[in-house]
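J.: Each chain, letter by letter, is given below.
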Amino acid sequence: MGALTYFILIHYEIKSPEYIKNLVTSKQGKYISLAVILLLTALVSYLGISLKVGPQFTLLYGMIIGGLIGGLYSMIHAYAAVYLKANQIISATALNLFAPAFAIFTARFIQGGQQIIFNSQFMIREFPILSDIPVLGDLLFKRTYLSFYFAIGLLLIILLIINKTKFGLRLKACGENPHAADSLGIDIYKTRFIAVVLSGVFAGMGGVIFVATTSAEFSATVDGFGFLAIAVLIFGNWKPTRILLAALFFGFMRTLAAKYSLVPIIKDHGEFVQFYNMIPYITTIIILAFFSKNSKAPKALGEIYDKGKR
Amino acid sequence: MHKIKKSLNNFYQLAKPSLIAVAIGLLSGLVIMFIFSPIDAFPALFTLILGGFNGGISGIGDMLYSAAPIIFTGLSVAFAFKTGLFNIGAPGQMMVGAYVAVHIGVLASPGAFPLWILALLAGALAGAIWGLIPGLLKAVANVNEVVTSIMMNYIAGYLVIYLINTYILSLGDSASRVIKNAARIPQLSSIFPGSSANIGIIIAFGFVILIHMILHKTILGFQLRASGFSFDGSKYAGMNTKTNIVIAMTISGLLAGIAGATAFLVAGKQIPARFNIFTEGFDGISVALLGLGEPIGALFAGLFLSNLREGGFYMQLYPFVPEIIDMVISVIIYATAISVAIQLLIKKYGERFKAWRKSKNEQKGEAQS
Numbered sequence: 001m002g003a004l005t006y007f008i009l010i011h012y013e014i015k016s017p018e019y020i021k022n023l024v025t026s027k028q029g030k031y032i033s034l035a036v037i038l039l040l041t042a043l044v045s046y047l048g049i050s051l052k053v054g055p056q057f058t059l060l061y062g063m064i065i066g067g068l069i070g071g072l073y074s075m076i077h078a079y080a081a082v083y084l085k086a087n088q089i090i091s092a093t094a095l096n097l098f099a100p101a102f103a104i105f106t107a108r109f110i111q112g113g114q115q116i117i118f119n120s121q122f123m124i125r126e127f128p129i130l131s132d133i134p135v136l137g138d139l140l141f142k143r144t145y146l147s148f149y150f151a152i153g154l155l156l157i158i159l160l161i162i163n164k165t166k167f168g169l170r171l172k173a174c175g176e177n178p179h180a181a182d183s184l185g186i187d188i189y190k191t192r193f194i195a196v197v198l199s200g201v202f203a204g205m206g207g208v209i210f211v212a213t214t215s216a217e218f219s220a221t222v223d224g225f226g227f228l229a230i231a232v233l234i235f236g237n238w239k240p241t242r243i244l245l246a247a248l249f250f251g252f253m254r255t256l257a258a259k260y261s262l263v264p265i266i267k268d269h270g271e272f273v274q275f276y277n278m279i280p281y282i283t284t285i286i287i288l289a290f291f292s293k294n295s296k297a298p299k300a301l302g303e304i305y306d307k308g309k310r
Numbered sequence: 001m002h003k004i005k006k007s008l009n010n011f012y013q014l015a016k017p018s019l020i021a022v023a024i025g026l027l028s029g030l031v032i033m034f035i036f037s038p039i040d041a042f043p044a045l046f047t048l049i050l051g052g053f054n055g056g057i058s059g060i061g062d063m064l065y066s067a068a069p070i071i072f073t074g075l076s077v078a079f080a081f082k083t084g085l086f087n088i089g090a091p092g093q094m095m096v097g098a099y100v101a102v103h104i105g106v107l108a109s110p111g112a113f114p115l116w117i118l119a120l121l122a123g124a125l126a127g128a129i130w131g132l133i134p135g136l137l138k139a140v141a142n143v144n145e146v147v148t149s150i151m152m153n154y155i156a157g158y159l160v161i162y163l164i165n166t167y168i169l170s171l172g173d174s175a176s177r178v179i180k181n182a183a184r185i186p187q188l189s190s191i192f193p194g195s196s197a198n199i200g201i202i203i204a205f206g207f208v209i210l211i212h213m214i215l216h217k218t219i220l221g222f223q224l225r226a227s228g229f230s231f232d233g234s235k236y237a238g239m240n241t242k243t244n245i246v247i248a249m250t251i252s253g254l255l256a257g258i259a260g261a262t263a264f265l266v267a268g269k270q271i272p273a274r275f276n277i278f279t280e281g282f283d284g285i286s287v288a289l290l291g292l293g294e295p296i297g298a299l300f301a302g303l304f305l306s307n308l309r310e311g312g313f314y315m316q317l318y319p320f321v322p323e324i325i326d327m328v329i330s331v332i333i334y335a336t337a338i339s340v341a342i343q344l345l346i347k348k349y350g351e352r353f354k355a356w357r358k359s360k361n362e363q364k365g366e367a368q369s
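As they're listed, the protein sequences go chains A and B.
First residue of the first sequence? That's 1 in the working numbering, and the numbers climb one at a time after it.
First residue of the second sequence? That's 1 in the working numbering, and the numbers climb one at a time after it.
Keep in mind that the hints were calculated from the coordinates and are not lab data.
Take the hints with a grain of salt, since some may be wrong.
In silico lysine-lysine, BS3-like type, Cα no more than 25 angstroms apart, as pairs [said to hold, decoys possible]:
#, chain 1, residue 1, chain 2, residue 2
1, B, K242, B, K217
2, A, K85, B, K16
3, B, K347, A, K85
4, B, K242, A, K293
For each label pair, taking beta carbons as the anchor points, the in silico distance ranges come out as [as the list claims (entries may be wrong)]:
#, chain 1, residue 1, chain 2, residue 2, range
5, A, K239, B, N142, 15 to 21 angstroms
6, B, F46, A, I157, 51 to 57 angstroms
7, A, I304, B, H2, 35 to 41 angstroms
8, A, T241, B, N142, 22 to 28 angstroms
9, B, Y167, A, L72, 34 to 40 angstroms
10, B, G238, A, I161, 43 to 49 angstroms
11, A, L160, B, A355, 51 to 57 angstroms
12, B, F353, A, K293, 33 to 39 angstroms
13, A, E176, B, N276, 38 to 44 angstroms
14, A, L169, B, M213, 51 to 57 angstroms
15, A, K293, B, T218, 29 to 35 angstroms
16, B, S109, A, K293, 47 to 53 angstroms
The structure displayed is predicted, hence computed values, not measured ones.
Here a beta-carbon is modelled for each residue, glycine too, at the ideal position from N, C-alpha and C.
Could you put the whole structure together from the sequences, leaning on the hints where they help?
T.: Right under this line is the structure:
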């Protein structure tokens, strides 16, 4: 197994619920949600991480703080897009610009530098008994993060909420035909607002996971992960389980680029490292070209809800 | 005389949302600075607004130099906006444009034809090709142009590092080699001594007028705007909407490509050989939004933004990092997004205030009588 297993592990990439967050937003009709909520949260959760209470506990409450901040920050966007009928792309662009600037500004002001270095020890080396299971043990229970299981759990909960509860069905109705939903007495504005804020919560958690698991420092960038999440969402055709598969695929591709030296065949061609880095983005474009024709996007996606248009 | 007054009034009505937004943005910048360092907040804000004018003639020259690329990226994004497309790929198009221009500026030998024009045109062409790809994918396979152009940004970022490393690396600087003198865009050093100001700003001004003409006076422009206004409507009217998408994205990419060329065909400018995505590209989005999606708006917004950025440079006297400008700009953009609501709010409270004044005056009148 060796090197091959390592690739399929790809722990840090697949395990962020960031990919899931777009699901909730899009189901009810919001388009660009905010990648860089991630940044703000990352900055705040750094404060959490720096208090020392055992790494796994720190990661968990870091994620909770991150989720809270993400939710609060997305309210600015939600209020403008839902209640003030502003153009979502414009308000999202504004928030995307604000977050990294604010993160760098405060980081420099508080501690004089843009980089925040912390001690990353969130990786769980292996689980005692479970890791002895052949193949699966290597895959799921070695060199892993708690956030992975958290994300899987969250995905299951979201699946249940969207498909089985009253709120989930209302959410879908708002995304497909808001006017019909309105005529049945559903508060479109409230439902949409909640959905955008929830997406902010998930994005915030994704931000904490991103920072805590990919590096040992925070430097006010998320490498376009938020945008990649939108690509994954379209690739996954707005369906939770397919989004999980799409996210796994991208995680695999990115890990391949990052750890190319572990594969014997391409190890000797380090000069092409830039091309390995391009692979995830090129494959995204190619795959989207095949999948976009029969895309099942929610019908009211990106539309401002106007009662009078019925 | 009356006509001038009327057109001025029209202009004011058009620019009013932007002006309100700018005021809100600067005010929130002041508040943020006040929280972090109350003593320095007011002078810093003054420096910020003064911008390039802090540095006298050479400061203004530098402001004009850095304005040219962001006017071009602003035009690029605004042009796509008019067609209902969101070209978030301006940074990538700008990067390939810059690379190709610098490649020619370093390697080509000057001939009869001025090298800088050749480099500029090649940069434009590279940007156009980079914009063509998302356009084609959108038209043929219905791929969302936002996602593809973001992906194209990253691909451009990695491609440019590879190309620099392979062809035009200057080992000592870990950046591209310095361009030949003949490849420099002619400077305006007689007007703005001591600054990098070049005729890029004049070219930008020309393109603003050209794009304005194309959009508002030609059949192509009408078709592009029509498909931006109602895609299905223009399709039923018999326009070839798919071709229009491709054309719009290509022109948009071409403008961003020129932006890259004008930014780097300058003495002492080298493209770093590490992964970075040009901020001027993203500034294009701000400029287009601030300019209300119009080419002429993009000109003013570009000058304003460039002035603010110069202000950020001079502001380093104070304990604030230049990132404050991004914060101010983002608040301005947010305020433009909700400008309709803000205007309603101002109107509502204005009327309340008038009614309150009136009732107070009446009370006074009663008391006197």
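J.: It remains to establish, for every hint, whether it holds in the given structure.
T.: Okay, the hints, checked on the actual structure:
Taking the CA atoms of K242 (chain B) and K217 (chain B), the gap is near 21 angstroms; set against the 25 angstroms cutoff, the hint holds. Only pairs whose Cα atoms come within 25 angstroms are accepted, and K85 (chain A) paired with K16 (chain B) is accepted, the gap being roughly 19 angstroms. Using a Cα cut-off of 25 angstroms, the hinted pair K347 (chain B) and K85 (chain A) holds, with the two alpha carbons roughly 18 angstroms apart. Taking the CA atoms of K242 (chain B) and K293 (chain A), the gap is about 14 angstroms. The hint holds against a cut of 25 angstroms.
Restraint check, K239 (chain A) to N142 (chain B): a C-beta distance of roughly 18 angstroms satisfies the suggested window 15 to 21 angstroms. A hinted range of 51 to 57 angstroms for the beta carbons of F46 (chain B) and I157 (chain A) is consistent with their spacing of about 52 angstroms. Range check, I304 (chain A) to H2 (chain B): Cβ separation about 39 angstroms, and the 35 to 41 angstroms hint holds. Checked against the hint of 22 to 28 angstroms, the pair T241 (chain A) and N142 (chain B) passes, with Cβ atoms roughly 23 angstroms apart.
Between Y167 (chain B) and L72 (chain A) the CB atoms are about 48 angstroms apart, so this pair departs from the stated range of 34 to 40 angstroms. Taking 43 to 49 angstroms as the suggested C-beta distance range, the pair G238 (chain B) and I161 (chain A) conforms, at roughly 47 angstroms. Taking 51 to 57 angstroms as the suggested C-beta distance range, the pair L160 (chain A) and A355 (chain B) conforms, at roughly 53 angstroms. Between F353 (chain B) and K293 (chain A) the CB atoms are about 56 angstroms apart, so this pair departs from the stated range of 33 to 39 angstroms.
Checking the proposed 38 to 44 angstroms range against E176 (chain A) and N276 (chain B) shows it holds: the Cβ atoms sit about 41 angstroms from each other. Between L169 (chain A) and M213 (chain B) the Cβ separation comes to about 52 angstroms, which falls inside the hinted range of 51 to 57 angstroms. For K293 (chain A) and T218 (chain B), the Cβ-Cβ distance of about 32 angstroms falls inside the hinted range of 29 to 35 angstroms, so the restraint holds. Between S109 (chain B) and K293 (chain A) the beta carbon distance is about 48 angstroms. The supplied range of 47 to 53 angstroms therefore holds.
Of the numbered hints stated above, those contradicted by the structure are hints 9, 12, listed in ascending order.
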